[in-house]
Amino acid sequence: MSKSPAPEITAAPGVIRSSNLTSGGGHGWFASGSWSLFAVRRGGRFAGSVVALVTVAFLMLQLIPGDPARASLGPTASIEAVALRRHELGLDQSLVLQYLQFWRGLLTGQPGDSISLRVPVADVIASRFPATAQLALLTLAVVLVLAIPLGLLAAAMTRGGRRRGIELGFNSTAGFFAVIPEFLLGVGLIYVFAVSFHVFPVAGQSGPLSYVLPVAALSIGSTAALARIVRSEALGVLEQDYLRTARAKRMPPLRVYLRHALPNLMTSTLTIAGLFLGSLIAGTVLVETIFAWPGLGTTIVSSILTKDYPLAQTLVVVYGGIVLLINLLVDVLLAVLDPRSTIKES
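Position 20 of the sequence shown, counted from 1, bears residue number 20 in the UniProt record's numbering, the numbering being contiguous throughout.
Any given hint could be a false lead.
Said to hold, decoys possible - Across the chosen pairs, the derived CB separations fall in these ranges: (1) Gly188 <-> Leu258: 33 to 39 Å; (2) Trp103 <-> Thr271: 31 to 37 Å; (3) Gly48 <-> Ile166: 42 to 48 Å; (4) Ala47 <-> Asn171: 16 to 22 Å; (5) Gly165 <-> Leu138: 30 to 36 Å; (6) Ala292 <-> Thr271: 32 to 38 Å; (7) Glu239 <-> Arg104: 54 to 60 Å.
Hint data in this document are derived by calculation from the structure and do not stem from the laboratory. Owing to the predicted nature of the structure, the values given are computational and were not obtained by experimental measurement. We put the CB at the ideal spot given by N, CA and C, even for glycine.
Please put together the full structure from these sequences, using the hints given.
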């Protein structure tokens with residue numbers, strides 16, 4: 001397939017003229033084969049990932065030693081009671097039949113009842129998902145509010161190879177915090193701000209102050225990592241001709257950076273932020289456990305420990321499905337904002 005000519009870029013930042021993105025009869029890239037091929041590839045990849053996710057989630061707990069029926073009844077239960085409980089849970093069926101039943105429960109939205117809590121799994125997820133979503137979205141907001149200005153400021157101060165000391169200090173500090181695990185940060189924050197100085201609550205969701213430490217544990221590393229990426233992207237943007245022209249006209253620096261540089265950073269920054277959201281949701285598992293947060297992370301840990309098959313398997317699918325869906329939406333958003341990405345794949 002022949003490649004389409006590159007789109008024309010105007011002098012105004014972030015504006016792409018669409019005259020060269022059409023082909024044949026000028027129907028536009030949405031009607032072209034490149035978009036159709038992109039949609040088929042992304043959709044097929046998403047479907048295959050979901051099948052793999054469900055299969056891994058089903059087999060994961062099967063490999064863990066122990067009997068969920070015995071765990072639910074206690075060590076003193078009789079053999080007959082355990083056998084009856086296994087029959088009630090469907091654990092006496094073949095592995096293939098259990099797998100098909102698991103799929104059926106997911107597709108119908110009725111994955112069964114929690115073995116340990118004795119309530120429908122769907123009700124457990126519905127009641128605890130808001131706490132996890134609030135934590136993840138608040139963390140993402142904090143990361144964006146801090147990382148973008150920090151990265152842009154660092155780029156402005158070090159562009160053109162200036163201030164090597166600031167560049168080294170920024171990269172070293174950001175790199176250090178970016179590699180510290182969230183759970184380790186959480187333990188350190190609890191010891192300093194909750195146990196030693198009694199500034200914030202140790203655990204639980206008991207008001208606005210209870211959000212501070214878990215959000216900090218989740219956001220510090222992500223803020224450092226995203227700030228480094230923003231700085232790297234901004235260094236390239238700041239060397240563009242239209243920004244040199246703006247500086248030559250003696251425009252106020254704040255206007256140059258906020259009005260001309262920042263919009264050109266948003267496409268790549270928001271794309272990366274979407275990927276960060278997926279990792280943040282996955283990272284809430286350990287952080288919620290440390291802070292006894294009443295969300296899905298605490299629930300999935302306890303369900304695995306008690307071999308609560310229906311709850312644990314469904315939660316693994318929920319977590320993995322959210323990450324896969326976010327990645328898919330990020331790909332689609334990037335394709336809409338930059339149609340050339342679909343052309344390159346064709």
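Structure-based check of each hint:
no.: 1; hint: Gly188 <-> Leu258: 33 to 39 Å; result: holds, 35 Å
no.: 2; hint: Trp103 <-> Thr271: 31 to 37 Å; result: holds, 32 Å
no.: 3; hint: Gly48 <-> Ile166: 42 to 48 Å; result: holds, 46 Å
no.: 4; hint: Ala47 <-> Asn171: 16 to 22 Å; result: violated, 40 Å
no.: 5; hint: Gly165 <-> Leu138: 30 to 36 Å; result: holds, 34 Å
no.: 6; hint: Ala292 <-> Thr271: 32 to 38 Å; result: holds, 34 Å
no.: 7; hint: Glu239 <-> Arg104: 54 to 60 Å; result: holds, 57 Å
Violated hint: 4 only; the structure is consistent with all others.
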